[in-house]
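S.K.: Chain by chain, the residues:
Number of protein chains: 2
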Amino acid sequence: MIIDCHGHYTTAPKQHEAWRQQQIEAHSKGAPAPPRPAIADDEIRDSIRNGQLRLQRERGTDLTIFSPRAAGMGHHLGDATTSEAWATACNDLIHRVCSLYPENFIGVCMLPQSPGVSPNNSLRELERCVRDHGFVGCNLNPDPSGGYWTDPPLSDPYWYPIYEKLVELDVPAMIHVSFACNPAFHTTGSHYLNGDTAAFMQLLTSDVFTRFPKLKLIIPHGGGAVPYHWGRFRGLAQALKLPLLKDHLLNNIYFDTCVYHLPGQELLAKVIPVDNILFASEMIGAVPGVDPETGHNFDDTKRYIDQLPLSAADKSKIFEGNARRVFSRLASRLKN
Amino acid sequence: MIIDCHGHYTTAPKQHEAWRQQQIEAHSKGAPAPPRPAIADDEIRDSIRNGQLRLQRERGTDLTIFSPRAAGMGHHLGDATTSEAWATACNDLIHRVCSLYPENFIGVCMLPQSPGVSPNNSLRELERCVRDHGFVGCNLNPDPSGGYWTDPPLSDPYWYPIYEKLVELDVPAMIHVSFACNPAFHTTGSHYLNGDTAAFMQLLTSDVFTRFPKLKLIIPHGGGAVPYHWGRFRGLAQALKLPLLKDHLLNNIYFDTCVYHLPGQELLAKVIPVDNILFASEMIGAVPGVDPETGHNFDDTKRYIDQLPLSAADKSKIFEGNARRVFSRLASRLKN
Numbered sequence: 002m003i004i005d006c007h008g009h010y011t012t013a014p015k016q017h018e019a020w021r022q023q024q025i026e027a028h029s030k031g032a033p034a035p036p037r038p039a040i041a042d043d044e045i046r047d048s049i050r051n052g053q054l055r056l057q058r059e060r061g062t063d064l065t066i067f068s069p070r071a072a073g074m075g076h077h078l079g080d081a082t083t084s085e086a087w088a089t090a091c092n093d094l095i096h097r098v099c100s101l102y103p104e105n106f107i108g109v110c111m112l113p114q115s116p117g118v119s120p121n122n123s124l125r126e127l128e129r130c131v132r133d134h135g136f137v138g139c140n141l142n143p144d145p146s147g148g149y150w151t152d153p154p155l156s157d158p159y160w161y162p163i164y165e166k167l168v169e170l171d172v173p174a175m176i177h178v179s180f181a182c183n184p185a186f187h188t189t190g191s192h193y194l195n196g197d198t199a200a201f202m203q204l205l206t207s208d209v210f211t212r213f214p215k216l217k218l219i220i221p222h223g224g225g226a227v228p229y230h231w232g233r234f235r236g237l238a239q240a241l242k243l244p245l246l247k248d249h250l251l252n253n254i255y256f257d258t259c260v261y262h263l264p265g266q267e268l269l270a271k272v273i274p275v276d277n278i279l280f281a282s283e284m285i286g287a288v289p290g291v292d293p294e295t296g297h298n299f300d301d302t303k304r305y306i307d308q309l310p311l312s313a314a315d316k317s318k319i320f321e322g323n324a325r326r327v328f329s330r331l332a333s334r335l336k337n
Numbered sequence: 002m003i004i005d006c007h008g009h010y011t012t013a014p015k016q017h018e019a020w021r022q023q024q025i026e027a028h029s030k031g032a033p034a035p036p037r038p039a040i041a042d043d044e045i046r047d048s049i050r051n052g053q054l055r056l057q058r059e060r061g062t063d064l065t066i067f068s069p070r071a072a073g074m075g076h077h078l079g080d081a082t083t084s085e086a087w088a089t090a091c092n093d094l095i096h097r098v099c100s101l102y103p104e105n106f107i108g109v110c111m112l113p114q115s116p117g118v119s120p121n122n123s124l125r126e127l128e129r130c131v132r133d134h135g136f137v138g139c140n141l142n143p144d145p146s147g148g149y150w151t152d153p154p155l156s157d158p159y160w161y162p163i164y165e166k167l168v169e170l171d172v173p174a175m176i177h178v179s180f181a182c183n184p185a186f187h188t189t190g191s192h193y194l195n196g197d198t199a200a201f202m203q204l205l206t207s208d209v210f211t212r213f214p215k216l217k218l219i220i221p222h223g224g225g226a227v228p229y230h231w232g233r234f235r236g237l238a239q240a241l242k243l244p245l246l247k248d249h250l251l252n253n254i255y256f257d258t259c260v261y262h263l264p265g266q267e268l269l270a271k272v273i274p275v276d277n278i279l280f281a282s283e284m285i286g287a288v289p290g291v292d293p294e295t296g297h298n299f300d301d302t303k304r305y306i307d308q309l310p311l312s313a314a315d316k317s318k319i320f321e322g323n324a325r326r327v328f329s330r331l332a333s334r335l336k337n
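For the record, the sequence lines run as chains A and B. For the first sequence, position 298 (counting from the first letter as 1) is numbered 299 according to my numbering, and the numbering increases by one without interruption. For the second sequence, position 21 (counting from the first letter as 1) is numbered 22 according to my numbering, and the numbering increases by one without interruption.
Keep in mind that the hints are not guaranteed to be accurate.
One copy or two, either will do: identical chains are not told apart, so a pair holds if it fits within one copy or between any two.
The calculated DSSO-like cross-link candidates involving lysine-lysine, where the alpha carbons are at most 27 Å apart (straight line), are [as the list claims (entries may be wrong)]:
no. : residue 1 : residue 2
1   : K242      : K303
2   : K30       : K15
3   : K316      : K336
4   : K242      : K15
5   : K271      : K242
6   : K316      : K215
7   : K166      : K247
8   : K271      : K303
9   : K215      : K271
10  : K316      : K303
Hints listed in this document are in silico derivations from the structure and should not be mistaken for laboratory results.
Here chain A stands alone, though its shape is the one from the complex (with noise of 0.2 Å):
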């Protein structure tokens, strides 16, 4: 089974983001948002069938792990209240493609985070989500400002209580920011990285994994800048006098494979521990077209990873085994 974990719902029917835009529409004016628009089965199947569910069968992935649109999920925008609002609509549509194809696809929630609104806000949506939805894992967004950087770092306690309920519920965070509004920022070309790395050296300066062991946060885009500068981050790991970085980070951070071409990968598997890395693609997202170079989709990160000198069992880890892993929950969903 290749199991590809990291997949956000970017063909969802139009209707769904237009209500978005009507509701931070309202929310300026001080009036309340329209009722939430119809969307239908169909709608629906259409949207995944076309879609993501086509690219599994033609790139031969079984399983994607799936969540609300991270540029969509805009935290800075509107308050906490609409933000709730949004999230609850955004992962019960999550939770119906679910349903619909059992098989295929397994959620992940995104949080109704605002800039400066404590994280307990999002425990009961995390909550839900999980216990009720069947969801296995949420989004975290380390910069509910879009790209201002305005709320305190992953070392603070004031993200403990998210800590404290991945931890309960068993269910891992993929660190992943959204839409940026910071006009020095492109989203998918500089802030989504910047996130990354700048999730990863907050975590790398604090005594997070000492103080919650269980936890287990996923850095995504192949970790942001850190790979490329893994020599780096283990000289000033050593220059603060930590631990090694395979010890004091890598019993609880994974890195996703969401890297565009092949050296990219090599690079990847060559410097992370085989254990470390979990097999994703985040298709019909960030980079859709197709390489020229190659002749296929930048995002089949699939054809890169086969293509690397790795052992069977090791290329078995990546896709599967590190998944099952991580997203333990998965172990009650799926059938074998």
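Model the placement of chain B on the given structure of chain A, informed by the hints.
M.R.: Using the frame of chain A, we list chain B on its own:
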């Protein structure tokens, strides 16, 4: 000849940075800055002989393109007036180093930037350093706020006066952020790398090099996350209907080799054309320790390049030829 294009004066006599602290303290009280401290030539000689010059000899490099300490620029501190006094002091000190060791160091200046203050304010100091001190380039901070990214992106006409002056003087700029005052970022662990990636994407989504075809910009620290994610950037450019990156950016953008482990250097040399790679170490900088995996300093980057599967001609470009081309004013400063 081996030219290290990225060195900062991290070993300056203590009274130099002590004065900076006094200057900022005085500014916050509305008091005038104290007079600049005396620094004897012998103190400068000691700081260099036991620092960068010793390492040049040990590692077998010849010339360092030398600028004030990057984290020390601190453009977010004080205001335009304190930045101007500090930039002048730092650049004059670099000039003294270069005058004492003209065969080993050639200067690059910092600019008197301040958040929200027009780059026009930096032109006089840039011109003074190039014309009067014989400096061959400058460091340009794309985020004078120190991690809040409140100034316009490098694509904005805000920065055009700097670009015009760089072209007029025929000197390149290294895009280099300074100390991060935002607790979300670790200065050398995430802010530096994120600054590189953000700047690259700002330029990718701009027409800066159509407007300034002779502009030469260096992205340090191996280009941040860029080479590791070269497929992502190629794909994003394609989705934006931009030309191939080699045509769109690589006539004007160069990457240095401040990547502190062999696998990262291998990736850089595999992905980025050899004509766009400049040897650099940023020695006695972010990562001064010895790598226990190799027994050599993390920042002894020459060792990595010596091990790359490149021809002697290509290595010569990285070590010397490209630097002579990009820092074109070097020609008049070097005997051969």
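S.K.: With reference to the structure, classify each hint as holding or not holding.
M.R.: A quick look at each hint next to the structure:
1. Taking the closest pair of Cα atoms, K242 and K303 come within 27 Å of each other only across two copies (26 Å); inside a single copy the shortest separation is 38 Å, beyond that limit.
2. For a Cα distance limit of 27 Å, the shortest separation of K30 from K15 inside one copy, 23 Å, qualifies, whereas the shortest one across copies, 57 Å, does not.
3. Taking the shortest alpha-carbon separations for K316 and K336, only the intra-copy value of 22 Å comes in at or below 27 Å, while the best inter-copy value is 55 Å.
4. Taking CA atoms no more than 27 Å apart as the test, K242 paired with K15 passes between copies only; the shortest distance there is 24 Å, against 52 Å inside one copy.
5. In this homomeric assembly, K271 and K242 come within 27 Å of each other (Cα to Cα) only inside a single copy, at 25 Å, whereas the closest approach across copies is 33 Å.
6. Proximity of K316 to K215 under the C-alpha cut-off of 27 Å is restricted to the intra-copy arrangement: shortest distance 25 Å within a copy versus 47 Å between copies.
7. In this homomeric assembly, K166 and K247 come within 27 Å of each other (Cα to Cα) only inside a single copy, at 25 Å, whereas the closest approach across copies is 47 Å.
8. In this assembly of identical chains, the alpha carbons of K271 and K303 lie at most 27 Å apart whether taken from the same copy (17 Å) or from different copies (21 Å).
9. Taking the shortest Cα distances, K215 and K271 sit within 27 Å of each other inside one copy (26 Å), while across copies they are farther apart (38 Å).
10. For the identical chains of this complex, K316 and K303 are intra-copy neighbours only, at 10 Å inside a copy versus 34 Å across copies, given an alpha-carbon limit of 27 Å.
Figure legend: structure checked against the earlier numbered hints; every hint is met.
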